[in-house]
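What follows is each chain in one-letter form.
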Amino acid sequence: MINLERRKALKTGSGLGMLAILSAMGLIQPGVSLANYEKNAFDAKSMSETLEALGVHALEDNSSIRLTVPEIAENGAVVPITVSSLIEHTEQIFVLVEKNPNVLAASFTFPEGTESFVTTRVKMRETSLVIALIKAKGKFYRTAKEVKVTAGGCGG
Amino acid sequence: MGNPMRIRAAVQDGITEVKILMQHEMETGLRKDAEGTLVPAWNITELKAVHNGKTVLEGHFGTAVSKNPYLVFRFKGGVSGDKITVSWIDNKGDTRSDEVAIS
Amino acid sequence: MNTHIIKSLFFVLLFSIYGSVVQAASDATDEIAKYREMISDGNPADFDEMRGENLWKKPSGPKKVSMQKCDLGKGSGIVKGAYAELPKFFPDTDRVQDLESRLVSCMTTLQGIPEKEITTKPFGGDNYKPDIESYVAYVVGQSKGVKMNVSLNHPKEKEAYEIGKRIFFYRAGPYDFACATCHTQDKIRIRMQDLPNFNKAKDSQAAYVSWPAYRVSQGLFRSFQWRLNDCFRQQRFPEPQYVSELTIDLAMFMARNANDAIYAGPGLKR
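Residue numbers (this note's numbering), protein chains in the order written: chain U, 1 to 156; chain H, 1 to 103; chain F, 1 to 270.
Chain U extracted, bound-state conformation (with noise of 0.2 Å):
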């Protein structure tokens, strides 16, 4: 099973006209697709930096966001969330790191149809709040959690 996956996905990648699929997804000139707000809001450093470049005036705390992260993460380098969000049309999940050199580090976009839920991994520089922002309608809502980062040990 595991096997006969692991062949397609080495078979499909030389196997299709990568460069007709790549352009017709818009994906293939790097950055232009990328809209200029969010690039600018990547680039940023601190928190109001971030949040001005993403076009947040207003902000609130919505109970309505579920923020899965671990209370400690034994490696700064690898920290599971898992955002889901019960606000209806939900159009963009950003997923921010207070403490970081670059605050944002991921944004998602669902279309109709995908469930504002993901789950993705992200470095962690120290122990800090993670954000989960959302964007619904134009309007703007988060949740807060903090994640304690050890330095790890040697072993294991």
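Keep in mind the hints are simulated off the structure, nothing from the lab. Since we're looking at a predicted model, the values are computed, not measured. It is possible that some hints are incorrect.
Lysine to aspartate or glutamate pairs mimicking DMTMM-like chemistry, simulated, CA-CA at most 25 Å apart [what the hints assert, rightly or not]:
(1) F/34 <-> U/146
(2) F/69 <-> F/117
(3) F/69 <-> F/30
(4) U/148 <-> F/27
(5) F/187 <-> F/71
(6) H/67 <-> F/41
(7) H/32 <-> H/99
(8) U/39 <-> U/112
(9) F/34 <-> U/71
(10) H/67 <-> U/126
(11) H/76 <-> U/91
(12) H/19 <-> U/91
(13) F/63 <-> F/30
(14) F/34 <-> U/126
We have chain U; now place chains H and F onto it with these hints.
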């Protein structure tokens, strides 16, 4: 061309769950190598998942996404055997696209 | 009277601090267990398995032969379930071999690759991925879900086990350390890492079946020989030679003690 992804997609009760594991260094641009020189940032910047010609997820990554990025998302619809294509592009212009059938 | 009350208070205080420290430690352990559970899916070692599987079938070395005829103990070309029975005695080489030493044998005899070329730099690093490491990932992945079944029937297997046990308990080096110094007690930790107690079957099994593994902090797949090598380094022992008899015997001791557990590698470690 980038290295192959590992994609698993399974449908249950009308919801398709897609799990993607990508192979990428995701260099932050802040790390120094053994000689003390800064290793330049190298990261996937954009990702797209397409089901039956329709985009089901778009993602943008900064350098803080972990090495070998992992992603799980869910969408409504999709039946066993349908194809899902996932593509990414990084800041050096390197790309990768892989396809998997929903199980 | 007063001093008595103060003394009592002091002890009450002392015990409550002790209690909360113990509580905090066990909470942290629980939280780390949760963290590990959260990252257990999506193991990047999958990519090393993929790479290993492709390499396995590719003719290479001076003889331009693939590894597909390699006998890992279950017969020429059989990979499935082979790792769960290693180390074992091999009549053709007349010695006990672990997976990595057996792979070296196959690479030298089948493919004609000089042994030194394989054993000089057998562990991966930045931008360096030795083929043998990817073979390891592929082969161990083919034993996932298989019950550990390491035999001591051959006298040389029994001997390897006994020597391995001696090595485990052997104190030496500038710190007068043995593996056993840290690994024969409960609830011993290095920083946040709980250390397995190898006097207990359950710990021995859990530790063995989760290696080789992808090491998150290094972003690399690590083999069992690497794991042992690093243990020696941490004990300030001289680092053992790759696939030396000492490492094979120690691996035999550990593998046999994991018998009856279900092999679950490649693992994912902090």
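Now for the hints, and whether the structure bears them out:
{"no.": "1", "hint": "F/34 <-> U/146", "in the structure": "holds, 15 Å"}
{"no.": "2", "hint": "F/69 <-> F/117", "in the structure": "holds, 21 Å"}
{"no.": "3", "hint": "F/69 <-> F/30", "in the structure": "violated, 46 Å"}
{"no.": "4", "hint": "U/148 <-> F/27", "in the structure": "holds, 13 Å"}
{"no.": "5", "hint": "F/187 <-> F/71", "in the structure": "violated, 40 Å"}
{"no.": "6", "hint": "H/67 <-> F/41", "in the structure": "holds, 15 Å"}
{"no.": "7", "hint": "H/32 <-> H/99", "in the structure": "violated, 35 Å"}
{"no.": "8", "hint": "U/39 <-> U/112", "in the structure": "holds, 24 Å"}
{"no.": "9", "hint": "F/34 <-> U/71", "in the structure": "holds, 9 Å"}
{"no.": "10", "hint": "H/67 <-> U/126", "in the structure": "holds, 17 Å"}
{"no.": "11", "hint": "H/76 <-> U/91", "in the structure": "holds, 15 Å"}
{"no.": "12", "hint": "H/19 <-> U/91", "in the structure": "holds, 20 Å"}
{"no.": "13", "hint": "F/63 <-> F/30", "in the structure": "violated, 53 Å"}
{"no.": "14", "hint": "F/34 <-> U/126", "in the structure": "holds, 19 Å"}
When the structure is compared with the earlier hints, violations turn up for hints 3, 5, 7 and 13 and for no others.
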